Structures are given as structure tokens and as C-alpha cells.
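K.L.:
Make a model of the complete structure from these sequences and hints.
At position 125 of the sequence shown (counting the first as 1) the number is 172 in the numbering used here, and the numbers step up by one without a gap.
The hints are simulated quantities; they were obtained by calculation from the structure and are not laboratory data.
Don't take every hint at face value.
As the list claims (entries may be wrong) - Here are the simulated distance ranges between beta carbons:
id, residue 1, residue 2, range
1, Leu336, Leu371, 31 to 41 Å
2, Val355, Asn602, 39 to 49 Å
3, Phe303, Ala343, 47 to 57 Å
4, Leu325, Val375, 17 to 27 Å
5, Val330, Arg130, 34 to 44 Å
6, Leu250, Glu612, 49 to 59 Å
7, Leu101, Gly312, 47 to 57 Å
To be verified - Below, computed lysine to any residue pairings styled on SDA-like, alpha-carbon distance capped at 20 Å:
id, residue 1, residue 2
8, Lys441, Gly486
9, Lys75, Thr520
10, Lys593, Gln615
11, Lys441, Ile339
12, Lys286, Ser564
None of these values were measured; they are calculated from a predicted model.
Even for Gly, the Cβ is constructed at its ideal location relative to N, Cα and C.
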Amino acid sequence: MAFWSWRKWPDIQIDFGQQLYIPWQLAKGKLLHEDMVILHGPLSQYFNAFWFKLFGPSLTVIIFLNLFILAGMTGMIYLTIRRFADSFTATVACVVLLTLFGFSQYVGVGNYNYVTPYTHEATHGMALTVVMIFALIRYFTRGGRLPCAVSGLCLGLVLLTKVEVAIAATIVALIGFASAYFIAPPSVSPKKRELAIFCAAALAPALGFFLYFLSYLTADQALRAVGQGFLVLSNELTKTTFYMRILGLDDPGENFRRMLSMFLGVVIFILFASAVDLAISRVTRSPGLIAIGLGAVSALTLYLNRNVMPWIDILRALPLTTALALAVFITLLKRHSHQVEMWTTILPMVLWTTFALSLLAKMALNVHIYHYGFYLPMPATLVLVICLFFWIPKVLSGASGCGVVFRSLAMAVLVVAIFYHLNWSQKFYRLKDFAVGQGADTIITYGPKVRVAGLVTALTLEWIEEKTSRGATFVGLPEGIMLNYLSRRTTTVPYVNFMIPEMIVFGETRMLNDFKSRPPEYVMLVDNNSSEFGVGPFGSDPRNGKQIMDWVNQNYEPVTLIGSEPLQGGNFGIKILKHSETAVVK
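P.N.:
Below, the structure is given as C-alpha cells:
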């Protein structure tokens, strides 16, 4: 998977530039929330900065670091599933994780993968929660202070990443301890001292960062820096067109109808495959060969008619399938509360399904695999896979069925689904053959015949290298921090983006005042489409940077234009302006 998509994962303009620029600056000694501000917790940026400090800043460092994290998360998921299911189910789940979510690109913009994520807080939070769940399972089933402390520490670290992952992880921990206290057999019930250890470990990371921030910030500022991910939540931000569409509230009736129809489709498949499994089990005692043949025929039929299947919409069923699974597993846990064997088997599913359902809240009526779908519905997808390949076949094998036929039919659907999604990603990856950046920072993006953004960016980097000094400063508006990183030129303002979320959280007036107090030598106007937030182009819509753009026009003069005029709704372009005191128009 890595070889197939090598260096094609990032987007050269949107989001990912800050994932390189911020740790680069931190590694050089800049201070978070004094020299730079972010919208999430501080953990990920400092974690990446550590490795930049160790090996030097480069995209290659991020790539191998994230491949290591993805491999570790995959292995941990395998071990978690293997504790209560079989190795076949665990393997299938991990293959689904890697092929559908790990390296994919389902939209024109990159970044929505685990190698170069649009924000590391999402993937780091996911990986840490996986470790937390694994440690909690070990603690609740075998006891021990070490797994208790590890799970608490992981929760504390997750709280310093991305808010929706942090909330989901917290819910998992609460459900786990509540189940252990009120449902678990007395022999595995946690002790008060161990709960204290968990809480202390969970608080330690936040306390550590608070004390660190306190070395250069006031107590109030340090507290805000630690909880930044939670403090950015606001009605104004969550009610933007962008987030309403992600949640599915832009058209709730239609989205609910599609969710229900996909859920019914999954139920019909389960009932049909179960009926076939039971029927074949009654006519033969050796259904293995029949199962293989039936699965192969089904896979071929689905493959030949793959465009008829609503693959893009199937994940819309996940809120209902996951909620149903959670209800079933909690019921089983309560019914067999005094059986240690059942406790150790069912509890992992309760914890994992709780995590899955909690994550889906951000896209409850519009679950999809593209965009944020690379991490939000991933656990719920694995829950469905585990049910299809282990729990339902297990029930069938105990009810005069064999389970093998059901597995074979489920595998047929899954194989075609994986092929469909890999082909979907390949439609984007095959168009990427143009290199931007050099050496360890090389990014493979779309060629000029497909999109001119890569060529324009490359030409802009050449201009910066030839026409500016190494100490030159510039600000990319509204989003151009990737240019700063690739050219190794710094910005002068603490904001790496001037997009709608930053405008809402920090306020345009504050951002403009910081711009005025530390004006850069150059301004790069980078083409950007803000329509997804329901606003007009940057600099022309009063809701979208008009004050900033008016000030820039008064104090900067055009130097050169590369590509088309930016922010006009045409083709991609970058316009370079220089401070009026030293500008030479060319």
C-alpha cells in the first residue's frame, strides 16, 4: 500500500502545510501559543517537533513516523480482536483498516489518510485510544496496576489531541469502569486505589504541559493552551455550512432516509446469507467446498456489477448497525455478569463499539468514507466486520448452521468493496506524476494537464529561492503555509491559516492587529475556494477576511503573478506582493 501510493498522500496547499511548518518552528525553539497558535491540543505538534529535532525537518521523517504508528495501531487492533475472536477475523479487520482507510484518497484533496493526515491530532488520538482500549481490556480481565496506569496515561494524552477523539475515549473509559463496578464478576472488580492510579495517570500529561506553558505564559493562558481543543468549540463554528453538511443536518430528512435504506440493505444481506448457510448445512456435512464456490461466484457477480452497488452510501448504515451491536453486547454482558469467561469475551466488544459509536456523532446522519471518513467511521466499520466474520457465524454454528457459508458470502462482498475503493483511490493517484519540493520534502501531486496548482506552486518556490533572501518573511493568504515550509521561510504572524475556522475562533480584528504589528516582507495571495463554508472569496466577503485584504492592498504592491489571478473563481494562481516601502513592481 505504501509503495503503491508513495509520496502522493499530502495536499500541496490545504491543511498539511501546517503539519510540517509548526513542528519545524517548534524544533527551532519557537513557542506554541506565543509565536504560533493552533486549534487543537498541543501533544501532536510537540511530538513531531521532537523527531524533527532528532533527524531534521522533512516530509520523509513524518512519513516513516506515521507508517510506524499505523503499523503499531494495526498490530494492536489485531491483538485486541484476537483476544476474543479468531486470527482470521483479526486479519480481515486489519486488511480493511489498511486498504480502505490507511492510504486512501477518495476526493481531489489529499491528506485524508494515516500517512499524511490533515491533522496529526486525529491519527495520534486514534492510535492512543487503541492502546488505551487494549490496556483497559487487560486491566479489566486480568487486573494489575501497570495496565491501569497505561490506560490512564493514554487517556490523558488523547485529551491533548483532537476534541471528538478525546470525548469518545473518555466515554469508553467511563463505560469501562461503570461496567467493571456494576456488572463485572467480583473477582475482577477494580479497587479504589487502582481507580486513583488511573485518574492520576490521566491528569499527568495535562499537568505536565500546563507547567511547561506556565514557564512563558500566564496561568490563564497556560490553562487555555492545554485545553485549546475544547475551547475552540462554539455554536458559530459548528453551525457553519461546512460542519452542518458533515453532520448531515443540511438535509436531515433525506440523510436519515438514506441511512435507513442502507441499514435495511445490511439486514437483508445478513438474513439472506444466514438462510443460505442454514440451508446448505442441512444438505451436506462438508460445506467447505460449496462455500468456496458460492463465495467465488458471488464475488465475480458483484465485481461484474460493481457499479450497481451503492458502495459510497453503505457506511451510512453504521450508526444503526453500531448502536444495535452495542445494545446486544451490553445485554449479553449484563445477562452473563457473573461468568468470568463471558466477561473477558464480551467486554472488548463493548469498549470498542462504544468508541465506534461515539466517534460517529460528528457525522451521525452523513457517514461516509471520504474526507473525515478516513478516521471517524473506521472503528464502526471494523465492528461490522467483526460481527460479520465472527459473531454471526458463531451464532449460526450453534443453531444448526456452519457459519462457513455466511463467512464466504461476507468475504465476497468485502473483496469487491475493497477492490472498488482501491480503484477509487487509484483514479486520483494515477493522475499524480508531478514533483513539488526537493529531496526529502518531495511531494508527488497532479500534473499540469490535470491541475495547474502543482506547477504554479513549483514556479513560486523557484521565484522565492531566486528573488528573496534566506531571511525573508512572507504570509500566505488565506492558506499558503506550505510555501513557507518548502522554501524554509518563516511567517511573522502566529496564524498558519486565515480560513473561516481561524476567523471565528481568533477573530479577524485580532488577526489583523497581529498582522499590523509584525508585517511580513511579502504577502502571497494563494487561490482558495471558501464556498464550502458558505461565504464568498477571501478578501471580498465581509465575513471572510475583507478587513485584512483591505489593509494588505493599502500597504503592499504587486510584484509578480504566477498563474491566474487568485481568489477570482478562475484557474489556480499565486500573486506575490511586497511591502510598499521596498516594493519594485515587475
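K.L.:
Please go over all the hints and tell whether each is borne out by the structure.
P.N.:
Comparing the hints with the structure gives:
no. : hint                        : verdict
1   : Leu336 / Leu371: 31 to 41 Å : holds, 33 Å
2   : Val355 / Asn602: 39 to 49 Å : violated, 58 Å
3   : Phe303 / Ala343: 47 to 57 Å : violated, 37 Å
4   : Leu325 / Val375: 17 to 27 Å : holds, 20 Å
5   : Val330 / Arg130: 34 to 44 Å : holds, 35 Å
6   : Leu250 / Glu612: 49 to 59 Å : holds, 53 Å
7   : Leu101 / Gly312: 47 to 57 Å : holds, 50 Å
8   : Lys441 / Gly486             : violated, 52 Å
9   : Lys75 / Thr520              : holds, 16 Å
10  : Lys593 / Gln615             : holds, 14 Å
11  : Lys441 / Ile339             : holds, 18 Å
12  : Lys286 / Ser564             : violated, 32 Å
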